[in-house]
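2 protein chains.
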Amino acid sequence: MSSKNLIHFGPFEVTDQVFYNTPLCYALVNIKPILPGHVLVIPHRPAKRLTDLKPDEVTDLFTTVQKVQRMLAREYFGGGSTVGKVEDGSFNITVQDGKWAGQTVAHLHCHIIPRTKDSTEGDEIYDRLQTEEGNVGGGLWDRSRPVQEGIFPRIEDEHRKPRSPEEMRKEADFFREQMALVDKEV
Amino acid sequence: MSSKNLIHFGPFEVTDQVFYNTPLCYALVNIKPILPGHVLVIPHRPAKRLTDLKPDEVTDLFTTVQKVQRMLAREYFGGGSTVGKVEDGSFNITVQDGKWAGQTVAHLHCHIIPRTKDSTEGDEIYDRLQTEEGNVGGGLWDRSRPVQEGIFPRIEDEHRKPRSPEEMRKEADFFREQMALVDKEV
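Chains as they are written, first to last, in full-length UniProt numbering: chain A, 1 to 186; chain B, 1 to 186.
Bound-form chain A, shown alone (with noise of 0.2 Å):
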């Protein structure tokens, strides 16, 4: 994406990580997903309370959530060669609006995570979602952390640690071509 304006979400560059875009809103990878197809989608204006949001910004933001639940469902509630449908699975969809609910990047953002049945986290998903897993703003402040070398990782910093840029890149590039398909069918 050379030739468009970096994106920014927060204080982060986020640009390689969007796989959608509207005048108003766009949609990114996660660094850190809960469960796969974990996305977030956001503002362009860095607005960052929900209550922020005009009218026009509230209809974008949550047109372009429904258009990525069809998306994710095509990838992740279908099976072999066929595509999925959104009432095939169902989805978690949250506004982590304010500190106190769990917010770590004080720019407005709805986070989409596809559940199926075979899903099993349950109850553990909301639990992920606001502890230090689910932690946005801190898989993103990571990247640029110094890195000590040499170290016996310790089981746990593996476990956690955040997709590298490349890996997020992929992924952003196959829900793009995914997103044009819907697109089309709307």
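Don't take each hint at face value.
Stated by the list, open to error - One side of the interface only, derived from the structure: several residues of chain A facing chain B at Cβ under 8 Å:
(1) 51
(2) 55
(3) 62
(4) 87
(5) 96
(6) 97
For the record, the hints were derived by calculation from the structure and aren't laboratory data. Each residue gets a CB set at the ideal place from its N, CA and C atoms; glycine is no exception.
Position chain B relative to chain A; hints supplied.
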């Protein structure tokens, strides 16, 4: 609200719990709030899933969420004679979109849960939303459940007792007055 049409949430008649009404959606107090001020915003049309909503319904639903947030902030984020503002507290805004995401009434509803520095429930909040305590459908269903009298109540049953229609009606009346103040401000 005797002069109005009855309002339904899935199979349940909830007219007296409703404190705000628009052409396309309504807001109601909860039978089993997880925290004080935990309310729901629901489209009048019994759409099951977020992707079922048309753009005008999306706009109406989430701009109503914003208004309800402003009302709840007045009440829960203020203190003494101070009227609270949205930025004085936080909210969990969440849609459990489909049964594998915890939806128990097959009629789309958006949870709004006020959070403050003092709401120490922390990570538990989402847990409670996905267990029996947050089972909106179960709570409404239980209203018509046969009551066995003369039995010594088990503590956990007592703890989980849904609020009385009278209690909810009083809260809805109060919230309705407050919403009128919010509508004047906007």
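Hint by hint, which ones does this structure get wrong, listed from lowest number up? none
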